[in-house]
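Student: Sequences and hints are given; from them, build the entire structure.
Chains as they are written, first to last, in my numbering: chain P, 4 to 151; chain G, 4 to 151.
Please keep in mind that the hints were generated in silico from the structure rather than gathered at the bench.
Everything numeric in this text was worked out from a predicted model, so none of it was measured.
One or more hints might be untrue.
Just so you know, same-sequence chains aren't split out, so a pair can sit in one copy or run between any two.
Claimed, not checked - Taking lysine to aspartate or glutamate and the EDC-like style, the derived pairs with C-alpha atoms no more than 16 Å apart in a straight line are: (1) K139 / E125; (2) K139 / D121; (3) K49 / D127; (4) K139 / D9; (5) K143 / E125; (6) K49 / E85; (7) K113 / D90; (8) K143 / D90.
Protein chains: 2
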Amino acid sequence: MPTTADFERMLRGAALRVTRPRLAVLSAVHDLPHADTDSIINAVRKTLPDVSHQAVYDVLRALTNAGLLRRIQPLGSVARYEARVGDNHHHVVCRMCGAIADVDCAVGEKPCLTAVDDAGYEIDEAEVIYWGRCPKCRAKEPASQPRQ
Amino acid sequence: MPTTADFERMLRGAALRVTRPRLAVLSAVHDLPHADTDSIINAVRKTLPDVSHQAVYDVLRALTNAGLLRRIQPLGSVARYEARVGDNHHHVVCRMCGAIADVDCAVGEKPCLTAVDDAGYEIDEAEVIYWGRCPKCRAKEPASQPRQ
DNA sequence: CTCCAATACTTGATTCATTCAAGAAAATGG
DNA sequence: CCATTTTCTTGAATGAATCAAGTATTGGAG
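Tutor: See the structure below:
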């Protein structure tokens with residue numbers, strides 16, 4: 004797990020000012036991969052009880068734009084953030100409980116897939132979301148099938 | 004383009020009651036691929052001026068659950084719907100203007116990709132979103148690069 | 001054809017994630 | 001330490017989507 008000094012280095016490396024809210028958000032997202040904004044706000048408030056939700060929204064946007072965080076948002080979910088960036092990995096989402104897990108990308112670079120017909124678009128990334136049932140939900144209802 | 008009789012057959016085939024709002028929504032989504040809910044409401048009101056937005060939301064949900072429509076929602080966009088279902092095709096989204104185009108799937112069946120490590124999930128679908136710049140935006144700003 | 005039960009729609013209010021706006025506070029360079 | 005710029009706080013607003021209660025329509029049974 005990175006230290007505060009590491010986070011500070013990351014911020015400076017991205018030409019961003021170092022502030023307590025930013026350090027706290029970075030730390031929270033490293034601790035809670037795929038957390039939504041509300042969970043991040045709560046985590047941040049354990050060390051900084053008075054941060055405004057607006058500050059967290061601003062920080063998440065700034066860090067995402069700087070490439071320090073990645074924003075994901077599977078169908079039916081609010082925005083979620085993760086700190087694992089730069090390796091072009093993918094995600095698998097549980098249709099029943101919404102749990103998200105990382106899936107390594109066999110290629111590792113963008114774009115890792117080529118479209119058969121790109122419709123004239125200049126493609127720089129292929130985002131893949133696998134849908135299915137997580138281990139817990141498979142154990143709970145082994146007979147039932149998730150909806151297609 | 005399917006006729007009203009075709010839409011009626013689709014609804015009955017899915018064990019759904021045939022109503023004017025449902026026929027109008029089916030027709031609108033066939034006419035306007037990748038349209039958001041608001042555009043669909045407006046399109047429906049050209050033939051049925053008094054449908055409530057709630058009815059359209061309900062219909063979209065019912066038709067999606069029945070497999071007659073597919074719901075998509077790229078990052079930063081509201082929910083969109085398309086009538087092309089069953090062929091497991093994918094989408095390419097313009098980072099600049101949000102335009103969406105269909106991309107055929109080389110495999111055509113779900114799941115068309117296999118995860119290197121499925122984290123114990125039972126995967127039934129691989130959803131792919133290609134990100135890039137559409138032809139129009141490429142022509143407009145040939146020098147600039149979309150943000151990564 | 002008529003009636004009934006189930007389903008779908010209308011109306012109106014509500015929720016909740018996210019954004020906007022204006023002013024106060026903090027961070028970096030000089 | 002000061003000035004400028006950026007960031008944060010506070011409070012309100014937006015807007016897609018959902019909830020809830022009552023009315024209307026559908027499709028099958030009689």
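Student: Indicate, hint by hint, whether the structure satisfies it.
Tutor: Hints versus structure:
When the C-alpha separation of K139 and E125 is checked against a cutoff of 16 Å, the pair qualifies only between copies, where the shortest distance is 11 Å, while the shortest distance within a copy is 40 Å. In this assembly of identical chains, K139 and D121 lie within 16 Å of each other by CA distance solely across copies; the values are 14 Å between and 38 Å within a copy. Taking CA atoms no more than 16 Å apart as the test, K49 paired with D127 passes in neither setting, with 38 Å inside one copy and 39 Å between copies. Proximity of K139 and D9 under a CA criterion of 16 Å is satisfied in neither setting, with 35 Å inside one chain copy and 42 Å between copies.
In the homo-oligomer, the alpha carbons of K143 and E125 lie at most 16 Å apart only across protomers (13 Å), although the nearest pairing inside one protomer, at 44 Å, exceeds that limit. Taking the shortest Cα distances, K49 and E85 never come within 16 Å of each other, neither inside one copy (19 Å) nor across copies (43 Å). Taking identical chains as interchangeable, the C-alpha atoms of K113 and D90 lie at most 16 Å apart only when both belong to the same chain, with a minimum of 9 Å there against 25 Å between chains. In the homo-oligomer, the alpha carbons of K143 and D90 never lie at most 16 Å apart, since the shortest distance is 33 Å inside one protomer and 31 Å across protomers.
In summary, the numbered hints that this structure violates are 3, 4, 6 and 8.
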